[in-house]
Every structure is written in C-alpha cells, then in structure tokens.
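Peer 1: Now for the letters of each chain:
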Amino acid sequence: MATGASGPVVKAEHLTKRFGNETAVDDVSFEIPRGAIFGYIGPSGSGKTTTIRMLTGVYLPTSGSVSVLGAEPQEFGRSVRERIGYMPQHFVLYPDLTVWENLQFSASVYGMGRRGRRIRELLEFVELEEHRSKQAKNISGGMQRRLSLAASLLHNPQLVFLDEPTAGIDPVLRRKFWDRFRELQSEGTTLFITTQYVGETVYCDLVGVMAEDGRLVALDTPDALRRQAFGGEMVVINLVEAVEPQMLRELRGMDFVTGQVRREGETGVHLVVDDAATAIPRVLDWGRAGGLQIDSAEEYDPPFDDVFVEIMNRSTDRQSGGQS
Amino acid sequence: MNPLRSLVRSGAFVGKEVAEVIRQPRLLLVLVLGPFLILLLFGMGYREEARPRETVFVVGEDNPVRDQVREFADSLGSQVIFGGMTTDMEAALSRLEQGEIDLVVQVPDDPYARVRADEHPTFVLIHREINPVQTDFVGRLSRAYVDEVNREVQKRIAEDTQQRSRDLEDEVTSAHALALSLERSLSPSPEARRAGELADELELIQRRIDELSLVSPEVLVQPFVTEVRSVSEVSPTLSTYFIPSVLVLLLQHLAVTFAALSIVRDRRQGSIELFRVSPMTSSEMLMGKYVAYMILGGAVGAGLTAAVVYGLGAPFLGSWLNYTLVVAALLFASLSGGFLISLVSNTENQAVQYSMLLLLTSVFFSGFLVILDALAPYVRVISWLLPATYAIELLREVMFRGTLLQPQLLYILAGGGAALAVVDWLLLRSRMSRL
Chain U
1 MATGASGPVV
11 KAEHLTKRFG
21 NETAVDDVSF
31 EIPRGAIFGY
41 IGPSGSGKTT
51 TIRMLTGVYL
61 PTSGSVSVLG
71 AEPQEFGRSV
81 RERIGYMPQH
91 FVLYPDLTVW
101 ENLQFSASVY
111 GMGRRGRRIR
121 ELLEFVELEE
131 HRSKQAKNIS
141 GGMQRRLSLA
151 ASLLHNPQLV
161 FLDEPTAGID
171 PVLRRKFWDR
181 FRELQSEGTT
191 LFITTQYVGE
201 TVYCDLVGVM
211 AEDGRLVALD
221 TPDALRRQAF
231 GGEMVVINLV
241 EAVEPQMLRE
251 LRGMDFVTGQ
261 VRREGETGVH
271 LVVDDAATAI
281 PRVLDWGRAG
291 GLQIDSAEEY
301 DPPFDDVFVE
311 IMNRSTDRQS
321 GGQS
Chain Y
1 MNPLRSLVRS
11 GAFVGKEVAE
21 VIRQPRLLLV
31 LVLGPFLILL
41 LFGMGYREEA
51 RPRETVFVVG
61 EDNPVRDQVR
71 EFADSLGSQV
81 IFGGMTTDME
91 AALSRLEQGE
101 IDLVVQVPDD
111 PYARVRADEH
121 PTFVLIHREI
131 NPVQTDFVGR
141 LSRAYVDEVN
151 REVQKRIAED
161 TQQRSRDLED
171 EVTSAHALAL
181 SLERSLSPSP
191 EARRAGELAD
201 ELELIQRRID
211 ELSLVSPEVL
221 VQPFVTEVRS
231 VSEVSPTLST
241 YFIPSVLVLL
251 LQHLAVTFAA
261 LSIVRDRRQG
271 SIELFRVSPM
281 TSSEMLMGKY
291 VAYMILGGAV
301 GAGLTAAVVY
311 GLGAPFLGSW
321 LNYTLVVAAL
331 LFASLSGGFL
341 ISLVSNTENQ
351 AVQYSMLLLL
361 TSVFFSGFLV
371 ILDALAPYVR
381 VISWLLPATY
391 AIELLREVMF
401 RGTLLQPQLL
411 YILAGGGAAL
421 AVVDWLLLRS
431 RMSRL
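Residue numbers (the working numbering), protein chains in the order written: chain U, 1 to 324; chain Y, 1 to 435.
Just chain U, same shape as in the assembly:
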C-alpha cells in the first residue's frame, strides 16, 4: 500500500507499549506530514527510543496502530525498508572495522552497488574524511555518532529515524547537523529526531514532548508550544523607576493580559499577553497615562528549556489534579 503524496508519512494512534507491568509508551498519538522535521523530546527513559522501535518494526505495540510510509511496520516489505534510514541511540557498527569499511558495510546492507562517491560525500558532511582509515574503536564517541549518522543516510532514505543524533557532539557541529537536516528536509526527506537538547526544538516543524511516564504531554509547532507553556506571548517591560505592587495589580487587570504578571528585578516586569504586537502599544499607553517612564517594552522569546520545564510542570499539575 503506497502512502498518498499528501497523507502523513507517519501516523501513530493510541500507541502503547508495556514490558510486563511497566508502561514505556502510554497512549501516544501523532501524525508527521511528508517533509517535516519531527522533534521528539523528553527526559531519559520517557519512551522515545521505544516509540522509534515501534515505528521501525523492531517492537510490536501492545495496543494502538502505526502506519509508516503507508504500511504497518509488521508488514514492512523490502521496498519500504529501503526507504527508511535508522540511526540507533547506541553505536552498533563494528569497532574492528575502519570508518570507511563500516560505511561500505552499511551501503551493502542496503544493496547499494556503486557507493564510493556517496560515502565520500557523507564523510565530508560528518567531517570524518581524515579519519576514514581509523578503526571505529579508535575514534571518539562523538565521531562514532557522526559515523552512525552517515551510515543511516547513505541510501538516501525518504524517512529517517535518528535517535539522539546530536548526543555527545560539540555545539558547532550540532548546528551543522541541524543545517544538514534542514537541507535533507528541503530535498523532501522526513525526519523523526529524538533529542534531550531542548534548545534544538527550535529547528523542528513539529515537536512532541514526552513525560517520564511515557505520555505525550504536548504536540505542536515550537511557537505554539511556547504559547501553550505560558498561556500566550511574553512581553518584557523595563521601567526607569522601581516597580510598585500597584503597577502589577493594574497590569493584571488589563484585558490583553492573559497570563502571569511578575516582577523581574527592581525595574522589570514580565507579562503574558494574547498577542505581543497589539499589547506593546497598549502597555506604552498605560505607562504614559500613569506618568511612568518606560525604558523599553518588547516581545520576549523565553528559551525552550523554560518552555519544556513549564510544559512538564503543567503536565505534572494536571496529572496530580486529576488524581486528587
């Protein structure tokens, strides 16, 4: 069964995986459109790898259904498998083989005939050309990750599952990796990427956030997640004089304020608004009307670490509220 050009490349519905009494993935549903970068974020042990294994057919779900490239993983044919690239979380290539030999091996696994040029391209991409003759056991952990990444991309897959590809990679190279992922995306490749680096969420089109108990607690675009985490957009006001409690009370009473209003230091205020673009002029008006000297008022994009923490906290609150 071929997937339609407009249909989702990956579709998971109520996906659950239990190992004995332990629930690794709990009722997870999502769809990934063709050509998207799907970021799958969550703490260690939250079920990210288990989800990938169910999507690639390594694990059979306990319940729920999965469709990848239009086929159920347990019915993957050779043609579907040839269109999937997979980079496992741990280094599973061969330590006694050289970097070049490992890539030759991976190319053969996918039945590739002429592969020399493609291997050289990928070696250049992961910056391992100088180390091509070294045995994999004699290169660093970061280099091994890069080698695994190159191996997973050798056969030009349409859909790539990358399980923490940037773990142990220095920030400069991590940035290069994401640039390359965007390039792949622009060529039509769909990428499913797990990561513990929350900041990398910003590079994704769609983000799924997993909680420690295996639930998917948020699923949206990065911007929407930010709004979801704080209840709207965030504006930062810096006054010339010290912020008084009365000022905070007045701001909380404004109709464009939809969330928290809190003081930041002596002269700063953070407030959550429905729309920063319309809220900022009204804040300035409010200042002028009250005779306040406002040094600056601008939209603030909180780092995704804060977004992630907020989402997790909200999820925990919701769960404890539901339980009580």
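Just so you know, the hints here were simulated from the structure itself, not pulled from any lab data.
Glycine is no exception: its CB is placed at the ideal position from the N, C-alpha and C atoms.
Just so you know, not all the hints are guaranteed correct.
To be verified - Looking from chain U toward chain Y, a few residues come up when the C-beta cut is under 7 Å (computed):
id, residue
1, Arg78
2, Arg81
3, Glu101
4, Ile280
Stated by the list, open to error - One-sided and incomplete, this derived list gives chain U residues near chain Y with beta-carbon spacing under 10 Å:
id, residue
5, Arg53
6, Thr56
7, Gly57
8, Leu60
9, Gln74
10, Gly77
11, Ser79
12, Ile84
13, Phe91
14, Asp96
15, Gln104
16, Tyr110
17, Gly111
18, Gln158
19, Phe161
20, Pro303
Place chain Y on chain U using the hints.
Peer 2: The following block gives chain Y in isolation, referenced to the frame of chain U:
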C-alpha cells in the same frame, strides 16, 4: 527481489567477517596455532614404546636357574633393566616401596623338581603401579617373561633330547647291521623274515633320529610363528595416524568458535536492531556469514594441510578433490553447529563455553582418542551427531587409503550441516522478527 542486491547484502557480511577476524590475530593464534603447536609437540614427543622397568630378581643361592635369570631378563629387550639379584625378599620390597626400583621378580625355588612333581613353578612379579594401563602392562610383561622362561626350558629339553638321540644313533646302527646279518644267515626261514622286519623298524628309527637332529631346538619348541602384512600402501606411525583427526578437530573447533561468536556478538552489540530495520533478510545474513567463514576456514585448512603434508611429511594417497570436499563439508556442518550455539547463547562467554564443551565431546567421542567400536552403542549415538566423527573417518580414508570407501558419510555430513542450517535460519528469522 533483485538477486544482485541480495548478493550485495550477503557480501556485506563476507567482507565484514573476514576483516574482523584478520584484525584479531591473537584470536587466530589462540584458535589455530595454539592447539596445532600443542598437538605437534605432543606428536613429536610421544614415545610409542613402554617405559623400561628396573627389575630386581629374588632368587635362592642354590636355585638351579640362578645362572639363567639374567639371560631371561635380557631376552625381553629394553622393557626390563636388570637391577641385580638378591636373596633378601624384604630388602627388595623395601626398595620397591621407596620407588628405587620398578619391579621385583620372585623366582620359584627348585623349579625342575616342581615340574617333575606335576606342579607349575610360579614366578611372582610385584609392582607399585596405580595406573591401570601400567598395571596391565606389567601383566603383559609377566606373561612375556614366563613365555621366555618356558621357551628356554623347552629348548634345553629339546637339546638334551637331541643329544640323547644322537647317543642312541650308534647303538641303533649296530642293531640294524646285526638284524640284516641275522636275516641273511637264517634265510630262508620264518625267523629270517622276522629279522628282516626288525631291520626295517630299526632303519625307520634311525631315520627319525636323523630327522630329529636336523631340526634346531628353537624350531622344535616354537614350530609356528606369525608374520603380519597389510594391503595398505602406507603404514602410518602412531603420530602420523593422528594427523587427520588433529586437522579435523582444529577445523571443527575453529569453525564452531567463529560462528558461535558471530551472531551473539551482533546481538550483544545491537547491530541486529539495525538489520531488523534494513532490507537485510535472515537468509542473506546467514549466507554471507557462511561464505565468510568457509573462506577463512578453507584458508586455515589449506595452511594446516600444507604444513602436515609438505612440512611433516604425512602420507597423502588420495585425490585433492575428495580431500577438499570432506574439508568443505566439515566446515559447513561445523559452522551450522556454531551458528546454532550463537543463536541459543545470550552472551559471548556462554558461546565460548558451549564451543569448548563441543570440543571436549569431540575429543572423547569422535574416534580421536579411542576407536568408535570401543564405545557402547548408545554412546556411539553421540559420536554420530558430531561432524568430527564423519570427517575423521573420511580424511583417514582419503589420506591413508587413497579413496573414499564410505562416500555415504560425506553425504550425511553435508546433509546434516544443511538440515542444521535450516534450523539456524528459522531461529535467526525468529530473532530478527519484532519483539
């Protein structure tokens, strides 16, 4: 399915496995050169003759065979070192217990008188062996010794008899002449005829005496001897005879160990997860591994064969084609066994232990140490489950007889390997399927 792509996928394992083994020279040394050198040293150093026993004889001063005791001992060749004679039994036993000597022989007193009294004079051999094989050897030595003594005694009796018959010969000749003379003087009469008959009888006795003196005493006491001949073109020494079995055990162990470590390592390392997601099938994977290890095993086999045939001069009468077929079937069946071990083992240590267990079983049950006929029929079932059993029989035939007398063994070996390969494939397919 694109067959070319399938070949490329299998080829992935050929290159990978060969490169991995070559990168581990220590493993090759341990698996091949180590056992080969140990067995070579054993073969070169093993002595096929028994250890000589230093023997003290306890014999009375007035014993009539006292002078012959040393002579009898020497006649046994290098098996007995004459350690002297003594009349003191206790002193001899004390030396034996201290380990100064190996054997004490108590010579029977007045043996001739006992024979005349219709009794068996008994030589008593006292030893200090605890090894049942050595105890058995002492028993055989005692029989050889007493046979030698008996033969010597019989020879002397024969010599004595010949001497006495020669003494009688003159008297018989005179009596014969007298009988002829009587016959002539009494003829014709009935008495003359009887004298003639007497002369004939005496002539016959004379001829018998002549015949008796013509035969040597040695032939008289041991008229029949045996001579062993073989239709085989070669008669291998004990060390040479073991060469095919050593080769077989080495190749089986090598193939089993490599295969046993192979899949379990892929599983432990996590590579199998990658293959589950890829288009690689269990049959392509298994095929690649078979080819890789057949190449490696074949190379090692060729090296070892060249070493024993051209280096050690082991006889080789058969065709190289038959030899190659046997080695290939052995490697194939051993790899199938090794892959089975690999698929049922959870760790590499477990796989090595199972491989060693198979080697130990092969040493005892494959006909390497003891011939199969020496094993009880129900134990022989185990023997015929081992690839080594078939290959040892076949290689001995090819190398020492120059022909494959039992080609059915080759078919069973290859067929068994193929049946096991199917089991391996089913197990691997199950391991490769989703959890």
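Peer 1: Okay, which hints does this one fail, numbers in order?
Peer 2: 4, 18 and 20
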